[in-house]
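A.B. asks: Every position in the sequence shown, counted from 1, becomes a number in the working numbering once 987 is added.
Calculated directly from the structure, the hints in this document are not laboratory data.
Just so we're clear, the structure is a prediction, and the values are computed from it rather than from any experiment.
Among the hints, a few may not be true.
Claimed, not checked - Using 25 Å as the maximum straight-line C-alpha spacing, the simulated DMTMM-like pairs for lysine to aspartate or glutamate come out as follows:
| id | residue 1 | residue 2 |
| --- | --- | --- |
| 1 | Lys1188 | Asp1200 |
| 2 | Lys1435 | Asp1450 |
| 3 | Lys1547 | Asp1047 |
| 4 | Lys1536 | Asp1047 |
| 5 | Lys1115 | Asp1136 |
| 6 | Lys1448 | Glu1419 |
| 7 | Lys1343 | Asp1422 |
| 8 | Lys1528 | Glu1553 |
| 9 | Lys1115 | Glu1151 |
| 10 | Lys1296 | Asp1119 |
To be verified - Simulated restraints, written as ranges between beta carbons of each label pair:
| id | residue 1 | residue 2 | range |
| --- | --- | --- | --- |
| 11 | Glu1216 | Ala1379 | 37 to 45 Å |
| 12 | Asp1119 | Ala1059 | 34 to 42 Å |
| 13 | Pro1584 | Ser1201 | 27 to 35 Å |
Ideal Cβ placement from N, Cα and C applies to all residues, glycine included.
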Amino acid sequence: MLKRLSNSVSHQPQQVLRFLAQYVAGIPESEDISKITAPQGPANGHPIDNLVRLADERFDDLTSARTYTLSAASAAYRQRRGRHPPPGFDEWHAFATKHNAVIVEDFFDQIYRDIEPFWGIPAATIRKDADDFEMRISIRNHTASSESDWFWTLIWLNMTSSIEHMLPDMDIALNSMDEPRIVVPSETIDEYMARAAKTRKMAPAADVISSYDSLPPPRTGDNPPMTWESGGSFWDVARRGCSPNSLSRHSSEPIVPYEPVNISTRFAKPHMENGYVSNYTLSTDFCHQPDLQSLEGIFLRPLSMKATKTLLPLFGGSKLFVNNEILLPAPVYWSEEDRFMGSTGSNAPWEDKLDKASWRGLGTGGGDEKDNWHGYQRHRFVSMNNATSVAAAENGERQMNFVLPDSEYQLQASIPSNETGEVEGLSKWLAEWSDVGLVDFICLPAEKQGECSYLDPHFTKLDRKPLAEQFKYKYMPDIDGNSFSGRYLGFLRSTSLPIKATVWREWHDDRLVAWKHFVPMDNRFGDYYAIMEYFLGAGNKPSHDNVAKKIALEGQDWAKRVLRREDMQIYVLRLLLEYARVSSDERERMGFVADLP
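Turn these sequences into a full structure, and let the hints steer you where they fit.
C.D. replies: If you want it as structure tokens, here you go:
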């Protein structure tokens, strides 16, 4: 069971090569939180009871991996990575310790998933590709600079400048788009990983180089032109990153129109148990879920598309499972913009909040059109939270973009009453607690005055609701937009409970445990009603408000310990030291060995 809960379990041999074990642990400091206990029901209790209990065990079990000294951190590094730490590791550790970081080697697994393939290509190629890129940050003589004035670049530059005094020379190519660009075929990545494995060794301390080389001044003026794949299907681009024996690799793009969409739990089985997500990371991997090609905007029609098969050292804020970008904390996290973070009201006591769910957002996800909007994730989620649409579905009217939940959930609102024999009404129950809606439409082609002829009959625009207002609600669903949701960190830092569905990977994923710090949800949303019934109760089914409070407050406490701006600096410093090493010609001899006898 613990294995099924792991964030890194894979059923594909190629992915085993590409993925190191992950998951993170730490102990919450708050005494109040420690008094909120997990459910201790019988083995045949509600499935969520068991998932929460196992998440607690997983979290506690991994706590022992925390290190407190440089020698212990170095030993943990060598054991997990098979190499000496990079030069500058001692300065990194001193910086992390100064800022009271929780240091667990597992926290940094994403860095090595991102960097490891680059050990399979020449260092000179990495340097040239970075120097040639259109938008980049350059570091020379411990000073970070950029010729770009793009607002994301300026935010990343600000973050990099805060640690520039500890950084060697390098060029950092940046992705300016919401959407990721790099999808190297799975077979090619396997070749790079096989080459990388041959370099994974520890040279004798006397032979180790403990410094970085200086680089010539960065390129100025125009950059060499690059050829990108554009137009066409992003699904066909994305699936080449899946294993050759995966379902999605052999599933081509469906024919439009997608009306109504076909939603089934058939492909969700590998990451679910008894109807609920038991392996969150696997749930974000579309390679075993070919049906997501018509249920996620990025696959239907991304708003913009520039792709390549070439492994480039490109940094970005989020990516899909198959993408080969190197992850940084997203600009919205570092800048802490209020519309994404919403600090006002985020600490409201749980007991003062409404027993309801709140979500507001734009109709984003990609370039939705008349023939494909039915599959977009935000539109699907809003429709299934519309009591009128749900009532129509209960009366046998097939809906264009959602289906009623499977009978396995035995929802109280869908069970005939013992007294009347009538269904009590999922739609009536939903109307009591759901406050969900779109605030604007993003339609192609654009129409006058914000109108959208093909969406207007199905959706009513709601007023915008600032996060300060949404934090008055206990439950905060989080749904992908064009890429990742920029509000996720704000939700985690609040006293409300995030309910997360996503296909995107971010820098912090190894620091969070599903069912411990947030509630995972399948990307089809078929488990959403059952999740809410568990927490809110319905009819003769009891509520589990204490469990919701436990996850919300433990998630907030943990976020305040490991998702601070200081933790972003610590992560990026470690990442860039590794990147500088893999970009160096003498990389196989470079390392930190001062801790060794």
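A.B. asks: Now look at each hint and say whether the structure bears it out.
C.D. replies: Each hint, compared with the structure:
For the hint linking Lys1188 to Asp1200, the alpha-carbon distance of about 21 Å falls within 25 Å, and the restraint holds. Taking the CA atoms of Lys1435 and Asp1450, the gap is near 19 Å; set against the 25 Å cutoff, the hint holds. A threshold of 25 Å between alpha carbons decides the hint, and for Lys1547 with Asp1047 the separation of about 18 Å falls inside it, so the pair holds. A threshold of 25 Å between alpha carbons decides the hint, and for Lys1536 with Asp1047 the separation of about 19 Å falls inside it, so the pair holds.
Of the supplied pair hints, the one linking Lys1115 and Asp1136 holds, its CA atoms being roughly 22 Å apart against a limit of 25 Å. Between Lys1448 and Glu1419 the alpha-carbon distance is near 19 Å, which keeps this suggested pair within the 25 Å criterion. Restraint check for Lys1343 and Asp1422: the C-alpha separation of about 7 Å stays at or below 25 Å, so the hint holds. Simply put, Lys1528 and Glu1553 have alpha-carbon atoms about 43 Å apart, too far for the 25 Å limit, and the pair is violated.
Simply put, Lys1115 and Glu1151 have alpha-carbon atoms about 21 Å apart, close enough for the 25 Å limit, and the pair holds. Distance restraint check for Lys1296 and Asp1119: the Cα-Cα separation of roughly 17 Å lies within the 25 Å cut-off, and the hinted pair is therefore satisfied. With their beta carbons about 41 Å apart, Glu1216 and Ala1379 fall inside the hinted range of 37 to 45 Å. Checked against the hint of 34 to 42 Å, the C-beta distance between Asp1119 and Ala1059 comes to roughly 41 Å, which is consistent with it.
The hint said 27 to 35 Å for the Cβ distance between Pro1584 and Ser1201, and at roughly 31 Å that hint holds.
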